[in-house]
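Assemble chain V onto chain C, guided by the hints.
2 protein chains.
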Amino acid sequence: MIRISIDAMGGDHGPGVLIPALLTVAQRRTDVRFLVYGREDAVRPELNKYPKLAAVTEFFHCDIAVRMDDKPSQALRHGRWKSSMWKAIEAVKNGEAEACISAGNTGALMAMSKFCLRTMATIDRPAIAAIWPTARGESVVLDVGATIGADAHQLVDFAILGTGMARALFGMERPTVGLLNVGVEEIKGQEEVKEAGRLLREAGKMAMDYHGFVEGDDIGKGTVDVVVTEGFAGNIALKTAEGTARQIGGYLRAAMSRTLMAKIGYLFAKGAFDTLREKMDVRRANGGVFLGLNGIVVKSHGGADAEGFAAAIELGYDMVRNGLLDRIEADLDLFHARHPQATRSSELADEN
Amino acid sequence: MIRISIDAMGGDHGPGVLIPALLTVAQRRTDVRFLVYGREDAVRPELNKYPKLAAVTEFFHCDIAVRMDDKPSQALRHGRWKSSMWKAIEAVKNGEAEACISAGNTGALMAMSKFCLRTMATIDRPAIAAIWPTARGESVVLDVGATIGADAHQLVDFAILGTGMARALFGMERPTVGLLNVGVEEIKGQEEVKEAGRLLREAGKMAMDYHGFVEGDDIGKGTVDVVVTEGFAGNIALKTAEGTARQIGGYLRAAMSRTLMAKIGYLFAKGAFDTLREKMDVRRANGGVFLGLNGIVVKSHGGADAEGFAAAIELGYDMVRNGLLDRIEADLDLFHARHPQATRSSELADEN
Chain C
1 MIRISIDAMG GDHGPGVLIP ALLTVAQRRT DVRFLVYGRE DAVRPELNKY PKLAAVTEFF
61 HCDIAVRMDD KPSQALRHGR WKSSMWKAIE AVKNGEAEAC ISAGNTGALM AMSKFCLRTM
121 ATIDRPAIAA IWPTARGESV VLDVGATIGA DAHQLVDFAI LGTGMARALF GMERPTVGLL
181 NVGVEEIKGQ EEVKEAGRLL REAGKMAMDY HGFVEGDDIG KGTVDVVVTE GFAGNIALKT
241 AEGTARQIGG YLRAAMSRTL MAKIGYLFAK GAFDTLREKM DVRRANGGVF LGLNGIVVKS
301 HGGADAEGFA AAIELGYDMV RNGLLDRIEA DLDLFHARHP QATRSSELAD EN
Chain V
1001 MIRISIDAMG GDHGPGVLIP ALLTVAQRRT DVRFLVYGRE DAVRPELNKY PKLAAVTEFF
1061 HCDIAVRMDD KPSQALRHGR WKSSMWKAIE AVKNGEAEAC ISAGNTGALM AMSKFCLRTM
1121 ATIDRPAIAA IWPTARGESV VLDVGATIGA DAHQLVDFAI LGTGMARALF GMERPTVGLL
1181 NVGVEEIKGQ EEVKEAGRLL REAGKMAMDY HGFVEGDDIG KGTVDVVVTE GFAGNIALKT
1241 AEGTARQIGG YLRAAMSRTL MAKIGYLFAK GAFDTLREKM DVRRANGGVF LGLNGIVVKS
1301 HGGADAEGFA AAIELGYDMV RNGLLDRIEA DLDLFHARHP QATRSSELAD EN
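Sequence lines, in order, name chains C and V. Going by the numbering used here, the residue at position 226 of the first sequence is 226; the numbering climbs one at a time, nothing skipped. Going by the numbering used here, the residue at position 301 of the second sequence is 1301; the numbering climbs one at a time, nothing skipped.
Be aware that a few hints might be false.
Stated by the list, open to error - If you only want the chain V side, here are some residues facing chain C, beta carbon under 10 Å, derived: (1) 1133; (2) 1235; (3) 1238.
Hint data in this document are derived by calculation from the structure and do not stem from the laboratory. Beta carbons are placed, not taken as given, at the ideal position from N, Cα and C, and that holds for glycine.
Chain C with its partners taken away, still in its complex shape (with noise of 0.2 Å):
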């Protein structure tokens, strides 16, 4: 059985995507246990029309809500300790669930979890992952936007943090790792990438296949399983990839809806539309993974619809069900055992 708890007061939409969410999870994953926390009077009415769902989920009232707005300091000083998103990443502290998934915002979110969770021994900050869909599957890319800036020691923490994320979710033993840089030779700065570059290249027996560096349009291609870079250029990537396909997808209706003659063809090929709109769903990949904490905590869209944050839900599962914890504290332990100066001087660092 896998307990999972769920902020049910974040997003856009509230507690409206969120029974419907439940719904589909419970029925796809039959062992499934939910705990929900948020206001009684939103969530218990939806909850009380479905006895089958109700008996697999308790539900916790909680007076305060974070607001999509609320600073990540406003939202620790009037929402912690009783906030529904606060509750549901105490959940699993305390370890009554696996795994916590919250619409709630991205900021205030990874403040909670920070503060309640707290990093793992030798991580000095957390990161957030994507799954990220190439033309080749799927590939985690992180950091995406936990923090700015990253040197070569927090590259290295995020290259085994997505690793071990890759083979939790893709079952692949070894999955590919590269470093995000840019293609021109001799060019200055970015000392940290080409440090971590080293250090990957010389870490000796891991559970990754280091690639190398890779270039913005080789996380399209799916040239690497995982993608390492820090948090700014990772989240202008994502967000710059969302946009191309927004973009496109823009042309495309345009398109096919401009002559008589496109829209009978489009007409034709209806099927063939339908398997390309599931194809750039974003809704499939719905969900930031916080790594490097004590904890599994899911951010799914604030905007994510019943099926995205169905999906989060269900990655937050999928994680637990294989393992991914203890597949980060292996990998971790087997680099630090290796390389105890890589230990000490991520110590030092966590001291400034």
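Then chain V, alone, in the frame of chain C:
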């Protein structure tokens, strides 16, 4: 009459795409003259086949060609003073041409351009600007890879340079300008982006309309006419968007050839698909523009075909025709007259 100097030896195809490209441009821009630099045996025989083109072209033999895999320092060492790339740039410096086009390697072209043309008096660093097709038309995005990292004053310089380019190319008086950033509040780092935002907000009357921060998905939306960022994130964004467009193009081709119905639909909608392909055609937006130098240099994509190379030449032509450098210098003078402290601090930075 506008004179364009051309490095005939750059790019993956060398002179093979050059002559068709020149033919295309000479047909569409009747007051253009070409100064072509390259190896006699590679260029002259082709050129002589087209007397009309030969009549508007001056050819100069150069023994040395910069290789696509030369590092910038190597290229400078063995190609300075004598390579076709150097000679084409030097023609701009000597006033023999108004713009230089090369499909040669970016790092070498930038290093030689900086060495030969020097940066404008109040500009620390040049930037590479890309023309980005958006849902609303086109935007200028810079820096897409000249240098990594930028302080607040350099970002403000980029904003002024990009504004000049948008004014010259899009015929607008006051382009809107946005600083690329990530959405999460209170995130640490990127102080330089915040500081640049403050400087632009307080800059008073300028030829731009400062919009504020934009995120990755705003680029494709066309939220602003000019998107400003440092070269690492800019390069990653550009290549990620290119990769995403190619990836979706692949999905589309696969979807349209999978079933008979889809194939029939494709035939009906072929006109619409052609329009779409044209919209997604990266050749139309080919050409990275080097801004901040005392002269116009356009980098064509190394793999560009004749139509793509022609687009890069016409980009250079159009910027000369519309007085790019004069506009930029007027904008810089206006800014620095109002902000003498910005001039001072940028000059100090230059000495570091």
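We went through each hint and held it up to the structure:
1. The beta carbon of residue 1133/V comes within 8 Å of a beta carbon in chain C, closer than 10 Å, and the hint placing it at the interface holds.
2. Hint status for residue 1235/V: holds, given a least beta-carbon distance of 4 Å to chain C, under 10 Å.
3. Satisfaction of the interface hint for residue 1238/V is found here, the shortest Cβ-Cβ separation to chain C being roughly 7 Å, below the 10 Å cut-off.
The structure shown violates none of the earlier numbered hints.
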